[in-house]
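These protein sequences, in sequence, are chains A and B. Quick note: the first sequence, position 249, residue 249 per UniProt numbering, numbers continuous. Quick note: the second sequence, position 161, residue 161 per UniProt numbering, numbers continuous.
If you're looking for bench data, these hints aren't it; they were derived computationally from the structure. Do not rely on the hints blindly, as some may be mistaken.
Each pair may be met inside one copy or between any two copies, as identical chains are not told apart.
As the list claims (entries may be wrong) - Calculated pairs, BS3-like style, for lysine-lysine (alpha carbon to alpha carbon, straight line, at most 30 Å):
no. : residue 1 : residue 2
1   : K296      : K85
2   : K210      : K85
3   : K126      : K152
4   : K47       : K184
5   : K269      : K85
6   : K304      : K85
7   : K279      : K210
8   : K279      : K269
9   : K304      : K47
10  : K184      : K54
There are 2 protein chains.
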Amino acid sequence: MTTLIFGHQNPDTDAITSAITWAEFQRQSGNTDVEAVALGTPNDETKFALDTFKTQAPRVIDAANGADVMLVDHNEAQQSVADRKDSTIVSVVDHHRFANFETAAPLFIRAEPVGSCNSIIYKMYKENGFEITPQIAALMLSGAISDTLLLKSPTTTDLEREILPELAKIAGVDLQEYGLNMLKAGTNLAAKSDLDITEGDAKSFDMGGKTVRIGQVNVVDLEEIYARQADIEASLKAESERNGYDLFLLVATDILNSNSTGLAFGEGKDKLEAAFGGKFDADDRLALPGVVSRKKQVVPPLQKAFEA
Amino acid sequence: MTTLIFGHQNPDTDAITSAITWAEFQRQSGNTDVEAVALGTPNDETKFALDTFKTQAPRVIDAANGADVMLVDHNEAQQSVADRKDSTIVSVVDHHRFANFETAAPLFIRAEPVGSCNSIIYKMYKENGFEITPQIAALMLSGAISDTLLLKSPTTTDLEREILPELAKIAGVDLQEYGLNMLKAGTNLAAKSDLDITEGDAKSFDMGGKTVRIGQVNVVDLEEIYARQADIEASLKAESERNGYDLFLLVATDILNSNSTGLAFGEGKDKLEAAFGGKFDADDRLALPGVVSRKKQVVPPLQKAFEA
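Given only the sequences and the hints, what does the whole structure look like? Please build it.
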C-alpha cells in the first residue's frame, strides 16, 4: 500500500508544501511508492503559491485507512489524521514541540527548532546531494515565507535567513516581492466566511486538562476584523459549543506592522490576561503587541498560565 | 548551568558511551558547556570497554536539578532522570520507539531505526566533518557491538555492518576479537548478585495500563542461570512487590547461540505465552528460541498481547 505523506489538519502553506517536497525527497531516495496528500484544502495563501508555480494541490484525505504514514510539520495526534492509531508512523519531520506522540516501534525522526518544516527538508536535500528543481525550491520557499512571515516572525532562525535568498534565486523570483504578494493573498478577508476566519488555521492544544483552540488569521489592517467582530465572536461561540472547546482564542495578526489582537470565547479569559499581561478592553479585544507567532509567543505563555 | 547529557537508567554500554560521544560532538560544534553523566554505574561489559580504552566512567547523577538536558539512547520519561519535568530537553538522539515523551517547546531530535545510538552519532560526525579520534571510535564501536551483539541481533542494520569494521580500524582493534571479549566480560554471572541479574539492565514499559518490567542478562551458558533460578525468581518477586510491577520478565540470552530463556513473576504469564507462542515448562522456564533483542523481539509482541 502506498505510504501517505501529510502535514497537519487545517493545513497552512508549510504543511502542504512540506508534504510535496518530502515526497520528492523520498522519490530521490529511491522510495517511489509514496503520495503527498493533505488533511484539508489549501487556503488562499497556499493557493496563490501553488498557482504561481503551477503545482496541483495534494489530494485531500480524511483517513489513512491503515496505510503507513510519514508526518511532516506536526506530530501531535489531535492535529493529525483521525485514524492514525491504525497506521505505522514511518517518519516525522517537524519543527514543533512534541506531545501526544507515541509509536510501537523505532522510527525516523528529524526535528529541529527552526522556522519552517521546509528548512529541515532543504538541509536534508543538501546533505544527500539531491536535486532542488525550481519548482521544489519555490514550494520550500513558500512554506518558509509563510511560517516566518517573510523572516519577520521571532520563529525565524539564521537557517531561514541563509536559505530563503538562495531558494528565491533557484525559483527565479524576487524574495521580497513574491513573499509580500503571497502573504497578502492570504489576507483577503472579503473572500473568507466567519468560519474560515475562526477555524481556517486553528489548532487544538491540551493545557492543564482543558481543550484550548487557537486560530490565527493574517490581515493587512486589523479594522477589517473589528468590522466583523460580532459575527466572528458568534462563530467562536458556536464552534466551542459544537466541539467542546473550553477556550477558543482567535489571534488576528497585522502582517505589515507585526502586531496582533486576540478575540476569545469560553472559560479562562483571565488566563489569557495573565499570560499576556494585558486586559480585554471595552470592545472585548486583547491587544497583543509584537505577537505574530502562535508557536513561540502564544502557546508557551498560555500553557504556563493554564498549568499554574 | 552546564547542560547534562545522559542515556537511560540502568545504563548499558551504548547508553554510557553515547553520552560521551555526543558530548564530544557538542564540543566540536562549539558548545563546550556540556557534561556527559550517567543514571547509573557501568556494568561489567561497559567497564571492560572503558578500561580497555582508558576512559573515565561518567559521573552518576540521580537528578538534573533543573539543568538543561540532552537525552541519548532513550526518550521515555520512566527510563529517564527522575526530575526531568523540571528540565528543558534540548535534544534527543535515539533509536527506540517514542512514548511518554512531551516537551513544551520545539527541540532537536534525531531518531533512526538503526542498531545503536552511536550509529546515529557516527553519521552526524561524518555529516559535519568532525574528527573521530581512536578513543571516540572505540567508544562508538563498543556501544554498537553491545546493542547489536556483534552484528548478530536482528536490530542490526546495514549501517552497523558498514561502520563497525571502519570504527574498529580507527580504534586499532580486531572487531571479532575485541567484540567477543567485551561481550563475554558482561556475562560473568559469578560477579553478579541476584539483583544485578534481574534489575541490572531492566526497563519499565506501560502495556495496556500495566507496568511491565523487562530485564535482560547475557550469558555464555544458560545453565548458569538455571543453577540460580530459585534465587533469581525470589528477586523478581521481591522487586515486583517493592516497586509495584505487574509483571517482571527476565530474558536470559545465550550470546553464543543467539537463544533466550524467560523467567517471570507476576500476573500476565499467559500474555507471555500468547506473545511468544510457547508454554512455561515444568521448571517454569519459557523457551525463546532465536530471541536476542528486547526492543525488536520482546517488547512489540508483548505489547500487542497486553493490548489485545
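* Is it within, between, both or neither when you check K279 against K269 at 30 Å Cα-Cα? -> This pair counts as within: shortest intra-copy Cα distance 9 Å, inter-copy 59 Å.
* Give the relationship of K269 and K85 under a CA distance limit of 30 Å: within one copy only, between copies only, both, or neither. => between (34 Å within a copy, 27 Å between copies)
* Up to 30 Å between alpha-carbons, please classify K304 paired with K85: within, between, both or neither. => Cα proximity of K304 and K85: in one copy and across copies (29 Å, 13 Å).
* Up to 30 Å CA-CA - K184 versus K47, copy category -> within (12 Å within a copy, 62 Å between copies)
* To do: Measure nothing new, just compare the shortest in-copy and cross-copy C-alpha distances for K279 and K210 to 30 Å and report within, between, both or neither.
  => within (21 Å within a copy, 46 Å between copies)
* Identical-chain pair category, K126 with K152, by Cα at 30 Å -> within (25 Å within a copy, 34 Å between copies)
* **Alpha-carbon proximity between K210 and K85, which holds within one copy, between copies, both or neither at 30 Å** => The answer is both: 22 Å in one copy and 20 Å across copies each meet 30 Å.
* Under a CA distance limit of 30 Å, which applies to K184 and K54: within one copy, between copies, both, or neither? -> Intra 19 Å, inter 62 Å, cutoff 30 Å: intra-copy only.
* To do: At 30 Å max between alpha carbons, let me know whether K296 reaches K85 within a copy, between copies, both or neither.
  => Answer is both; intra-copy 28 Å and inter-copy 20 Å each pass.
* How do K304 and K47 come out at 30 Å by Cα distance, when the copy is not named: within, between, both, or neither? -> neither (35 Å within a copy, 43 Å between copies)
Checked against the numbered hints listed earlier, the structure breaks hint 9 alone; every other hint is satisfied.
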